[in-house]
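Protein chains: 2
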Amino acid sequence: MPISKNNRTPRPEIPRKTIYRLSIYLRCLQRLLANGIHTVSSDALALAAGVKSPQLRKDLTYFGQFGTRGLGYDVGQLSRMMSEMLGTNSLQPVVLVGVGNLGTALLSYRGFQKEGFTVIAAFDNHVPLKHSKRFEQPVFPMDQLTAFAREHRVRMAILCVPPESAQEAANKLVEAGIMGIMNFAPTVLHVPEEVVVNNVNLAIELENLSFFIQH
Amino acid sequence: MPISKNNRTPRPEIPRKTIYRLSIYLRCLQRLLANGIHTVSSDALALAAGVKSPQLRKDLTYFGQFGTRGLGYDVGQLSRMMSEMLGTNSLQPVVLVGVGNLGTALLSYRGFQKEGFTVIAAFDNHVPLKHSKRFEQPVFPMDQLTAFAREHRVRMAILCVPPESAQEAANKLVEAGIMGIMNFAPTVLHVPEEVVVNNVNLAIELENLSFFIQH
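Chains as they are written, first to last, in this note's numbering: chain U, 16 to 230; chain G, 16 to 230.
Since the hints were made in silico from the structure, they are not lab data. As the structure is a computational prediction, the values presented were derived from the model and not from experiment. Cβ atoms here follow ideal geometry from the backbone N, Cα and C, with glycine treated the same way. Treat the hints with care, as some may be off.
On the chain U side, residues computed to face chain G include the following (Cβ under 8 Å) [said to hold, decoys possible]:
no., residue
1, R42
2, M100
3, L101
4, T103
5, A120
6, F127
7, R170
8, E179
9, M194
10, G195
11, V211
12, N213
13, L217
14, S225
Work out the full structure, taking the sequences as your base and the hints as a guide.
Below is the structure:
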C-alpha cells in the first residue's frame with residue numbers, strides 16, 4: 016500500500032472531493048498513456064483535468080511525493096498509484112438491489128466494467144419469472160443476498176429500490192457484510208459508521224439543475 | 016413565484032445542499048399525501064427525510080414562513096411550493112447527448128418522467144442507422160441540436176459522451192441555449208457563468224466508495 020511505502024503516519028483525513036478529483040486525474044493519465052505520453056507537468060495535467068495547478072499539487076500531497084522538479088510526473092507510475100488507492104487495479108464484484116426501471120438500465124450499462132467494477136448479480140423481493148433479455152446478470156431473491164455476498168466476497172452494492180423500501184434493503188446489505196452502498200433512492204439511509212453511503216439520485220440532480228436555471 | 020409572494024428581497028444565496036434536501040422533503044410530502052395525511056410536524060417530516068429537525072426548519076426559512084406553531088405544516092401547500100421552486104410542477108423537456116452505453120440505458124429509464132422531466136430526443140455525432148428498440152426517443156445528428164432546442168424550448172440537457180468529446184459537446188449545448196447540463200463525463204466542463212453544470216459520474220461514485228471501504 017502506498018501509505019506504508021511512503022512512511023506517512025498518521026495519514027490526515029482526505030477530503031471526499033480530493034478522492035473524486037483523483038478519479039478524474041486517473042482518467043486523464045490513462046488518456047495520456049493511451050496516446051504514448053509518459054511524462055506530464057503538473058500544469059498540463061491540471062489543465063487536462065480542468066482544475067487549477069495548485070489544487071492538483073495539494074491533492075497529490077495526501078498520497079506522498081510525486082514528480083521531479085523540472086521533469087514532471089511519470090504518467091505510468093502516477094496512474095498505477097491512483098488506481099491502487101482507488102482499488103480499481105483489480106476487478107471488484109458489485110451487487111445490484113432492486114430490478115425496477117433504473118436497476119434494469121444500470122444492469123445493461125457496460126461502463127462499470129471498463130472502470131474496474133463488475134455487477135455480478137441482482138437481487139429483488141420479486142424475482143421476475145422470465146427476466147428481460149436486456150441484461151445478462153442473474154436475479155436472485157433478497158433472502159439469498161447474505162450467502163451470495165459472502166461466497167463471492169462482495170463488498171459494494173448499488174441500491175435502486177423505491178424510497179419506502181430503501182432502509183430495509185440497506186439493513187439487509189449491512190447484514191450481508193456490504194461496506195459501501197451507492198444509493199439511488201431519494202432518502203437518507205441510516206447505516207453503521209463503518210459503512211459508506213454515496214447518494215446518487217438522477218431525478219434529484221435534474222431538479223437541482225432546474226432550480227438553478229430558474230432562479 | 017414564491018419569492019415575490021413572500022416579499023423577501025433580496026433572497027440570500029441558497030446552498031446547493033438545501034436544494035437537494037428540498038427534493039427529498041418533496042418526496043416525503045408526496046408520500047404523506049398519497050397516504051391521506053394532510054398535516055405534518057417538522058419533527059415527523061425531518062424524521063421521514065432522515066435529517067435533524069433544526070436542519071429542516073433552517074432549510075425552509077430560505078423560502079418563507081411555513082407551518083403554524085402547534086399545528087405543523089400543511090402537506091399539500093408545502094409540497095406545491097416545493098414543486099414550484101424546483102420547477103417540477105409542469106413537465107420539462109430535456110435532451111440527451113451521446114447515445115453510447117450509458118446514454119442508451121438512460122433513454123430507457125422511465126424514472127425521469129415520473130419526476131417532472133421528459134427526455135424528448137437524443138443527439139449524437141453518429142446517428143445509428145437502425146436504432147435499438149430499447150428506447151423510444153428519436154436520435155438526431157448534433158448539427159440539428161440548436162434548431163431543435165429552440166423549437167421545443169429545451170433548457171436542460173443530459174450529457175453522456177466520452178470525456179474527450181465532452182467540452183465540444185458542452186459548447187454546442189451552450190450555443191443551443193441550454194442553461195443546465197447534467198454531465199456524466201468524467202471531466203470538468205468550462206461553460207459561461209450563467210450555465211449550471213451538475214456532475215454525475217457513476218463509475219467515479221463507485222471508485223469513491225471503493226476508496227473509502229479500503230482505507
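query = Hints broken by the structure, by number, lowest first?
reply = Of the numbered hints given earlier, the structure breaks none, since each of them holds.
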